[in-house]
Amino acid sequence: MTTADGAVLGTTQIAGSAPRNRAFNVVLLAEGFTAAQQADFNNACTAFTTAFFATPPYDDLLPAINVFRVNVSSTDTGADDPVATGGTGATARTYFDATFGANGIRRLLVCNSSTALTLAAAQVPEFSVVLVVVNSTVYGGSGGSVGTYSLASGATEIAIHEMGHTAYGLADEYPYYAGGNETGHDHHPSGEPSEPNVTTNGDRATLKWNWAVAAATALPTMSNPNCGVVDSRPSTVPAGTVGLFEGAHYYHCGGYRPEYDCKMRNLGVPFCRVCRQVIWNRIGPLTALVARARAPISVIARFPEHLDVFAIADNGRTMSNWWSPASGWAGWFQLMGGVSSPGGTGSPVTAIHRYAGHIDLFTVGTDSRVYSAWWDGNGGWRPWFAIGTLVCRPGSTVTALSRYDDHIDLFTTASDGRVMSTWWDVRSGWASWFPLQGGVAANGASVTAVARYPHHLDVFTVGTDNRVYSIWWDERSGWSNWFALDGQLARSDATVSVVSRHRDQLDLFTTDTTGRIVSISWNVNSSWGSWFQVAGGVASPGSPVTAIARYSGHLDLFVIGTDRRIYSTWWHEGGNWAPWFVVSGGVGQAGGQVAAISRVAEHIDLFTVGSDGNVWSTWWHGGSGWAGWFQLGVS
Amino acid sequence: MPSRKMPAPTGLRPPPAPVSAMRFIFEYDGDAVRLLSQQPVDMAITGAELGQSLAVGYFVDARDADNRTLARVHARGLSGGTAEVFPETPGEPIVHVKVEQPKGAFTVVLPVPAGAARVALVQVLPQADAHTAAAGAAAPLRGTDIASFPLHRQP
Numbered sequence: 020m021t022t023a024d025g026a027v028l029g030t031t032q033i034a035g036s037a038p039r040n041r042a043f044n045v046v047l048l049a050e051g052f053t054a055a056q057q058a059d060f061n062n063a064c065t066a067f068t069t070a071f072f073a074t075p076p077y078d079d080l081l082p083a084i085n086v087f088r089v090n091v092s093s094t095d096t097g098a099d100d101p102v103a104t105g106g107t108g109a110t111a112r113t114y115f116d117a118t119f120g121a122n123g124i125r126r127l128l129v130c131n132s133s134t135a136l137t138l139a140a141a142q143v144p145e146f147s148v149v150l151v152v153v154n155s156t157v158y159g160g161s162g163g164s165v166g167t168y169s170l171a172s173g174a175t176e177i178a179i180h181e182m183g184h185t186a187y188g189l190a191d192e193y194p195y196y197a198g199g200n201e202t203g204h205d206h207h208p209s210g211e212p213s214e215p216n217v218t219t220n221g222d223r224a225t226l227k228w229n230w231a232v233a234a235a236t237a238l239p240t241m242s243n244p245n246c247g248v249v250d251s252r253p254s255t256v257p258a259g260t261v262g263l264f265e266g267a268h269y270y271h272c273g274g275y276r277p278e279y280d281c282k283m284r285n286l287g288v289p290f291c292r293v294c295r296q297v298i299w300n301r302i303g304p305l306t307a308l309v310a311r312a313r314a315p316i317s318v319i320a321r322f323p324e325h326l327d328v329f330a331i332a333d334n335g336r337t338m339s340n341w342w343s344p345a346s347g348w349a350g351w352f353q354l355m356g357g358v359s360s361p362g363g364t365g366s367p368v369t370a371i372h373r374y375a376g377h378i379d380l381f382t383v384g385t386d387s388r389v390y391s392a393w394w395d396g397n398g399g400w401r402p403w404f405a406i407g408t409l410v411c412r413p414g415s416t417v418t419a420l421s422r423y424d425d426h427i428d429l430f431t432t433a434s435d436g437r438v439m440s441t442w443w444d445v446r447s448g449w450a451s452w453f454p455l456q457g458g459v460a461a462n463g464a465s466v467t468a469v470a471r472y473p474h475h476l477d478v479f480t481v482g483t484d485n486r487v488y489s490i491w492w493d494e495r496s497g498w499s500n501w502f503a504l505d506g507q508l509a510r511s512d513a514t515v516s517v518v519s520r521h522r523d524q525l526d527l528f529t530t531d532t533t534g535r536i537v538s539i540s541w542n543v544n545s546s547w548g549s550w551f552q553v554a555g556g557v558a559s560p561g562s563p564v565t566a567i568a569r570y571s572g573h574l575d576l577f578v579i580g581t582d583r584r585i586y587s588t589w590w591h592e593g594g595n596w597a598p599w600f601v602v603s604g605g606v607g608q609a610g611g612q613v614a615a616i617s618r619v620a621e622h623i624d625l626f627t628v629g630s631d632g633n634v635w636s637t638w639w640h641g642g643s644g645w646a647g648w649f650q651l652g653v654s
Numbered sequence: 004m005p006s007r008k009m010p011a012p013t014g015l016r017p018p019p020a021p022v023s024a025m026r027f028i029f030e031y032d033g034d035a036v037r038l039l040s041q042q043p044v045d046m047a048i049t050g051a052e053l054g055q056s057l058a059v060g061y062f063v064d065a066r067d068a069d070n071r072t073l074a075r076v077h078a079r080g081l082s083g084g085t086a087e088v089f090p091e092t093p094g095e096p097i098v099h100v101k102v103e104q105p106k107g108a109f110t111v112v113l114p115v116p117a118g119a120a121r122v123a124l125v126q127v128l129p130q131a132d133a134h135t136a137a138a139g140a141a142a143p144l145r146g147t148d149i150a151s152f153p154l155h156r157q158p
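Sequence order for the protein chains is R and Y.
Start counting the first sequence at 20; every next residue gets the next number (our numbering).
Start counting the second sequence at 4; every next residue gets the next number (our numbering).
In short, the hints are calculated from the structure, not lab data.
Here the structure is a predicted model, which means the values were calculated and not measured.
All C-beta atoms, glycine included, are put in the ideal place defined by N, C-alpha and C.
There's no promise every hint is true.
With the Cβ distance kept under 10 Å, some of the chain R side facing chain Y (calculated, not the full set) [claimed, not checked]:
{"id": "1", "residue": "Q142"}
{"id": "2", "residue": "E145"}
{"id": "3", "residue": "V149"}
{"id": "4", "residue": "G173"}
{"id": "5", "residue": "G188"}
{"id": "6", "residue": "Y195"}
{"id": "7", "residue": "P304"}
{"id": "8", "residue": "G457"}
{"id": "9", "residue": "V459"}
{"id": "10", "residue": "G548"}
Just chain R, with the same shape it has in the complex (with noise of 0.2 Å):
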């Protein structure tokens, strides 16, 4: 049987608007219907589409989802039966050539994949996974590539299932192989499983789905009291519980699921709330980000042809893009289950790299204390932990700085407005969080920091009074006491930008109480100068100005203004500050912000919350200018 045993009618979808080439494309494919069966097949389609768009997360991501059907016509009706596996004996000349019985067990429903593929590839050429529909009502299916279901009842859960491991890499939920009866599963193998939803890892400060688990949840929240046998016990904790449950990934104990049931451990069930969470981060990228409105947007390039970019959603997410020239923009996906806390602007993904294959991040909880997460290119991302018990204001930043490899330091604002540090070191890890020689910053002013060389650190804010208070640490001598760059009162919520162009120069960026901004500089000959407003310009209300120092005799800055336009002007060595001019037409948010980095020298990423709530950039080139505003999306 092959594919002269029948013929392709035709390609018709059937569910979803999305752009294609944006969009995650379900292709149904009809094996075992006549000419004359077509509607049958067409109903299925249509039972399929409803119970899989009723099915959690999908049911919320139906903007990114297409679904196609291809009417193929066979010979036969249905599939091969064979009766050495209790079938009926029938043979079908069927398109995909189908057969139940595979590997001598009836329910084993297979057909040939590379038709299908083939044939869905050359209909959808934007396919993302394919799902055989054969006609007969005996029960079966089959996974791998292609899924293959039958017209019986329930086989649908079977497609569902499947897709869990074609689409999402995630692993079978179920604590046995061969039904439970089977030797040598009784010990999952030691070593942490790759797959996103089963875990060896009892520990939770480190347990791969440590932010679904609640404080209060035991772990392990059931373990099997006889591994010699499946653990056939009612769950002891509410349904929806995350915890651990023993009894995963083929072995009665010592394998780990998130949840007492899922639809990657039974049929019938809902897909438990981290299988959900994994799809949801491979389709939800395909769509627009809606990013908090004022929330500072993070950016780091560690190395010069890569960018990592962390924003928030509106809902408080903490979300991550990345794009490199090879692959484009990844699109947006949340980091770990992470929500931001949503005071004030709303506290960013402050992140940091200290070194090329590692990224460490920082945001404040909806608990108010500080979390990190971190990425190494050996395991991909971690867990957020939470940092000792400091209380922050609700909405805080957390300022990070790596003065080298093995070092971070941190700055934030406790719930009371004390400015707070701790740092971790490799030898010692997380210090004690302490205030900095008491100093109190005004309510929604950040902490800001700056590391000219890596013994010392200048620390700025906006005091309770509104003057501009700074603070350095040497390692010589230790912390100095808080003094006032006084001549200029600032915003009370204002943000005090610095850039280090050189070891013994610093230049401060910030917005007086009628939004002018303003400027002032330290050298280590000349000491502070005197503050100045920059080129007569003022921000939008709240918006933070954003400087950086392509090279050590230019700056360049970013605000949002008056006007909501996206603004720019430049400072180069020996000259006055450029008239500001607006970037690209671009319009933001008010009281937003404009996140800037220069991978090279001649070359500035921009990225903003545009005024439709989606994060946009923009980018300037040496040689050609500046482009125009593209939304941040997947390539």
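Model the placement of chain Y on the given structure of chain R, informed by the hints.
Just chain Y now, kept in the frame of chain R:
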């Protein structure tokens, strides 16, 4: 912003063009792998597909002429020598059976940057001593090329 004249941005350019991508369909029969087809496709590839960090599993690489990896995506849906058999009655166990001669096909959509000359199927596994790793620890991993094929770009 004050009513200053703004200088026209120099050389305003359009947004970035998407990175070109190709769909590859591979067929395998036991240990033998062959490339069934390769075709350009206009399709966004999300980070979930891209192999940004080293992990256990199968991957497909776009390689340059010097065999340097330019882009990598997960290859899913390969038979691991077993097949899942589903119960007719909900609640009954799903079971696995061994497949003596795994046979089938799988597909990936891979970014194909300028300079890509070959496409390679790679298997990443824990190194030989990785079974001693503690629970939750990241075991050292090593990738092995299973097969490699020349890239035929469309004109």
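For the restraint on G173 of chain R, tell me whether the closest CB of chain Y is nearer than 10 Å. holds, 7 Å
Does P304 of chain R hold up as a contact with chain Y if the rule is Cβ-Cβ below 10 Å? Nearest chain Y Cβ about 4 Å off; hint holds.
Classify the hint on G548 of chain R as holds or violated, based on whether any CB of chain Y lies nearer than 10 Å to its CB. At 23 Å from the nearest chain Y Cβ, G548 of chain R fails the 10 Å test, so the hint is violated.
Does the nearest C-beta of chain Y fall within a distance shorter than 10 Å of the C-beta of V459 of chain R? Violated: closest Cβ of chain Y sits about 32 Å from V459 of chain R, beyond 10 Å.
Verify the interface restraint on V149 of chain R: the C-beta must sit less than 10 Å from at least one C-beta of chain Y. Status holds, d = 8 Å.
Closest C-beta approach of G188 of chain R to chain Y relative to 10 Å, hint status: G188 of chain R check passes; min Cβ-Cβ to chain Y is 6 Å, inside 10 Å.
Using 10 Å as the Cβ threshold, decide whether Q142 of chain R counts as touching chain Y. violated, 13 Å
Does E145 of chain R pass the interface hint, meaning its C-beta sits closer than 10 Å to a C-beta of chain Y? Hint on E145 of chain R: holds, closest Cβ of chain Y at ~5 Å, below 10 Å.
Given a cut of 10 Å on the nearest C-beta pair, is the interface hint for G457 of chain R held or broken against chain Y? Hint on G457 of chain R: violated, closest Cβ of chain Y at ~38 Å, above 10 Å.
Restraint satisfaction for Y195 of chain R [CB to CB of chain Y, less than 10 Å]: With Cβ-Cβ at 6 Å, under 10 Å, it holds.
Violated hints, listed in ascending order, are 1, 8, 9, 10; each of the other numbered hints is respected by the structure.
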